[in-house]
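Undergrad: One letter stands for each residue in the lines below.
Protein chains: 2
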Amino acid sequence: MNDIKDFLQKIERIFEEEQFVHQPEELYAPIDYTLRLGGKRIRPTLLMVANAMFGGDESQVRDAAIGIETFHNFTLLHDDLMDRSPLRRGQPTVYRKWNENTAILSGDTMFALAWRYFLRQPSPRLREVLDCFNETAIEVCEGQQYDMNFEKRNLVGIDEYMLMIRKKTAVLLAGALKIGALYAGAPAADIERLYQFGIHMGLLFQLQDDLLDAYGDVAVFGKQTGQDIRDNKKTFLPLRALELANEAQKAELLSLFGTAGVECGEDEKVRRVLAVYDQVDVRRDVEKIIAQEDSAAIGFLEEIALPAERKKPLYEMMEMLKGRKK
Amino acid sequence: MNDIKDFLQKIERIFEEEQFVHQPEELYAPIDYTLRLGGKRIRPTLLMVANAMFGGDESQVRDAAIGIETFHNFTLLHDDLMDRSPLRRGQPTVYRKWNENTAILSGDTMFALAWRYFLRQPSPRLREVLDCFNETAIEVCEGQQYDMNFEKRNLVGIDEYMLMIRKKTAVLLAGALKIGALYAGAPAADIERLYQFGIHMGLLFQLQDDLLDAYGDVAVFGKQTGQDIRDNKKTFLPLRALELANEAQKAELLSLFGTAGVECGEDEKVRRVLAVYDQVDVRRDVEKIIAQEDSAAIGFLEEIALPAERKKPLYEMMEMLKGRKK
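Line order of the protein sequences matches chains A and B.
Residue 3 is where the first sequence starts when you use my numbering, and the numbers rise one by one after that.
Residue 3 is where the second sequence starts when you use my numbering, and the numbers rise one by one after that.
In case anyone wonders, no lab produced these hints; they're calculated from the structure.
Remember, predicted model here, so these are calculated numbers, not experimental data.
Treat the hints with care, as some may be off.
If several chains are the same, the list does not tell them apart, and a pair holds so long as it fits within one copy or across any two.
[Stated by the list, open to error] Straight-line C-alpha distance at most 20 Å; calculated DMTMM-like pairs for lysine to aspartate or glutamate: (1) K314 to E270; (2) K154 to E28; (3) K154 to E27; (4) K42 to E19.
With the hints as constraints, model all of the structure from the sequences given.
TA: Dropping the structure here:
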């Protein structure tokens, strides 16, 4: 069995080889730009790893791997427009480099292209693959809507938040694993375990994203830190900080996420929010919850009836995600 | 065989019965609003008619019919945002009634929901159905991009224009017919004839749309006339008018689609462009080309090896489209 780095390299090669520019160029150039911006390629890697675990070979999932990454990049492209994010992976986002209409239409086209890649990849279980992809796509949209809703509310429950990140982030990692396993003809029970592994890995991944937004190193991170605070995003950090805070700290946080946060200016707002985070030590708290998600994920992975050697790349992936700095 | 009005009524009932609101409501309310705005329901009707022609029954294509209309309405929703159109079917467009982000995300979700409807509709030829739907969707996006490109150019060839409307409009009508016939298990040669019928019907439909924008009755039409002129849209009318015009008329048109059109104000621009259209009698010319598309479409319909009775609803549909005022 290859290790996780081999899979990541294979995915890089696949994206280097693939031709994304067609006519009209105004439509496809932003798609090519987006798909060549790089990124961690976690979803196609998970899809390929899951396939290989159950004895599938690379050619069986090449197009599906491109499809899942194309879908993921479509969601980023539209999210960046909706969130007005200027940068993605340290480069201008599509709506900034081109314009809003280009971001809308090239994004729509990427969603359609994702389907083309899946439809091109033959499998006796293609119907299950497509159902999984489609239900995942719908959940991702729902997750993004919850995320936008939360920006307008002052209080969001931790449960609501966990549902949101499950839909927005975790189901796509889980779906990538499930699709890879389906192409390999894996047994249903193992596919379910793999899916649950993916869900917990996804929750871990998002909680860590929340942490990095506040505590990442901007040079490594590739984008401004504190962006979630500026955007009034109710991530795990403020929600959990509110639970841990005393009355004075709670009042400070709520006012910063209200009019006081507008009045004092964005940089000052970030500074004061981070000060409360440090006082209640929310960082250690989130790290504890990340460790719990890690255990839950590994628990499901252990239950899968395959030799340890086969599961090695997924253990490595977990280690990689836990150690990531961006 | 039912007549076309029965099919249109069935489609209305299907949309009345279908539940489009789920959680989160902020995401699904605009989808429900869009799908209940009405409209001509031409695409699902074509899909059902094509199915019935070849002996299929209604239950075989109910969900697919909803799927094709959901896709069509998704494209309208995003097009209205990109074109900044305030009204659709006489009502506020989604980006106006809600906001831009809602239009983007609810649109994306509608695209995914369209897939769910197709995937729900079992068929031994589902794979062909999905391929047809997907390639059609990609072509529609390409058509929209050509359309946006043309707005920025002063001269567009008639051939380029015909390719654009083929992709933006005709392939979806043709695709709806093909999908309906696939669900009924129709022979490949007849499906191809039906597809070509749909292409020519679609071209006719779009050319008539171009005519209505300039010559429609605003009370019946449901939206402002002359919008294409305001938007500098290179529709068949200005492109053909340029071919028919003398040097003075040509200079007048080109200046109106350039800086002179901005300087004189929108209403004056519309008035002066329409004056040239009348001078070169572009209306009669477009009506002649519509008649040619009509003949081409009917030619393919006649070649389909079915009793005339079976083809009656499509003849009726052509009559309906030719007589439409909005």
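Undergrad: All hints, please: hold or fail.
TA: Each hint, compared with the structure:
{"no.": "1", "hint": "K314 to E270", "in the structure": "neither (45 Å within a copy, 72 Å between copies)"}
{"no.": "2", "hint": "K154 to E28", "in the structure": "between (35 Å within a copy, 12 Å between copies)"}
{"no.": "3", "hint": "K154 to E27", "in the structure": "between (38 Å within a copy, 15 Å between copies)"}
{"no.": "4", "hint": "K42 to E19", "in the structure": "within (17 Å within a copy, 44 Å between copies)"}
Going down the numbered hints, you'll see the structure goes against just number 1.
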